[in-house]
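Whenever a hint applies, use it, and build me the whole structure from the sequences.
In this text, residue positions in the sequence shown follow my numbering: the first is 1126, and each later residue adds one.
Source of the hints: derived by calculation from the structure; they are not laboratory data.
Where a beta carbon is used, it is the ideal one built from N, C-alpha and C, also for glycine.
Any given hint could turn out to be false.
Distance condition first, Cα-Cα at most 20 Å in a straight line; then the derived SDA-like pairs of lysine to any residue [to be verified]: (1) Lys-1361 x Asn-1380; (2) Lys-1361 x Phe-1342; (3) Lys-1361 x Ala-1187; (4) Lys-1361 x Val-1308; (5) Lys-1361 x Glu-1245; (6) Lys-1361 x Gly-1339.
FRET-style restraints, in silico, Cβ to Cβ [claimed, not checked]: (7) Gly-1177 x Gly-1285: 14 to 20 Å; (8) Thr-1261 x Asp-1327: 21 to 27 Å; (9) Gly-1177 x Thr-1261: 20 to 26 Å; (10) Pro-1262 x Gly-1349: 34 to 40 Å; (11) Ala-1187 x Ala-1416: 18 to 24 Å; (12) Asn-1396 x Gly-1210: 23 to 29 Å; (13) Ser-1247 x Asn-1417: 17 to 23 Å; (14) Asn-1417 x Gly-1371: 20 to 26 Å; (15) Thr-1261 x Gln-1157: 27 to 33 Å; (16) Gly-1248 x Ala-1284: 20 to 26 Å; (17) Gly-1285 x Leu-1306: 40 to 46 Å; (18) Ile-1395 x Asn-1297: 25 to 31 Å.
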Amino acid sequence: MINISRSLVTTALAAAVMWLGSVPAQAGFVFQTLDNPADPTFNQLLGINNSGLIAGYFGSGAAGHPNQGYTLTPPASFTSVNFPGSTQTQVTGLNNTGTLVGFYAPTNLGTGDVNHGFYEQSGVFHTVDNPLTNSTPAVNQLLGVNNSNVAVGFYNDNAGNSHGYTYNIGANSFTAVNDPLGVSTIAAGINNAGDIVGLYTDGGGVTHGFLDVGGSFTTLDAPGADNTQLLGVNNKGWIVGVETAGGNSHGVIYNENTHSWTVLDAPSGINNTVFNGLNDLGQIVGFYTDANGNTNGLLVSSAPAPETGKGVLGLALLILAYAARSRLVRAGGGSPCDAAL
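Below is the structure:
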C-alpha cells in the first residue's frame, strides 16, 4: 500500500482546492473571489495598480446599506478609505504613484444621492466637480487615473445625459471627452499614453464601447453583444469591460495588438460578470453575482504556464483520487461602477 503522510495529503488537497476551486471559464486564467469580511454580500473591485493594490468598496448603496470604500492588498489586507464627513464612498481607481480617485455622497437615500468626484494623495482628500454639472441631483464621478495624475470621469446634465472628461490634478483643469456618435458619454479608464476608454449611448439607446486616442474615437463592440462597456485600459494594449447579450453580462478583454476579443465568466457567477480594471501584469479586477444573489469582488490572473503548474496540479489530482478511494474525501454533490449612488 502507498503510504502518504497526513500533512502531505493536507497540503496537496489545499493546493487542489486552490486550483480546482478557481478553474476558469476559459483556459489560461485563474479566478479568485475577494470580499471584505465587513460585508460579504456586496463587494466590487474597480482598479488595480502594478503593485497589486486594489481599489474597491462594499455596500450596495441601497438605503441603510451605504457604499464604504477601501483598498486591498490580496488576499485579505483591507484598509478603509472614505471621504471625510461623507456617508458613502466608492474608490474606483488608483495609479502607481499613490493617487486614489473615486466619488462620494453626503447621504444614503438609496436613490437620488448627490455624487462628488474626489482624489486623494498622501491622506489628503480633494473634491472634484466639473463646473458644467447641472443635473438634479448633481452627479460627478472620477473612475480612473494614470501615472501623470490625469483622471477620467463624467458629469450629468439636466436631461440625464452623461458627459465624459479628463481632469488634470496638477493643473486643476478639465477637458471634454465625448464620443461624436453618442448622446451620452462616460470616460472610464486612461493609460499613461493618454488613451481613454469608456462607453457611449447612441440615439437608439444602444451602449457601445469606445477607444479615444488623441481625440480620434473608435467604436469597439464585442461580437454578438447587445451592449458593450469598456472600463479599463493598461499600457500593454489590453482593454477590459463588460458585454450584455440576451440579458446576461459577461466580462470581456480586447487586445489592441491582435484586435481580438475574449469573453470570460466567473465560475461561480450567475449570468453577471463585469471586468472594471487591470494592470500591466494582466491582472484584472471586477465583480460577479453568485447563486445567492450576492455581489462578490473578483481578481482574475493568468494561469501558470503548463510546465510550472502541471506537476503540482497532477500531484494534487493523484492524491485527491487516492483520498477519495480511501474515503477521506466525500463526493460533493453595473455601470461602470453601479452608476450613480
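**Study point:** Hints breached by this structure
**Key:** Of the numbered hints given earlier, those the structure breaks are 3, 4, 5, 7, 9, 12, 13, 15, 16, 17 and 18, listed in rising order.
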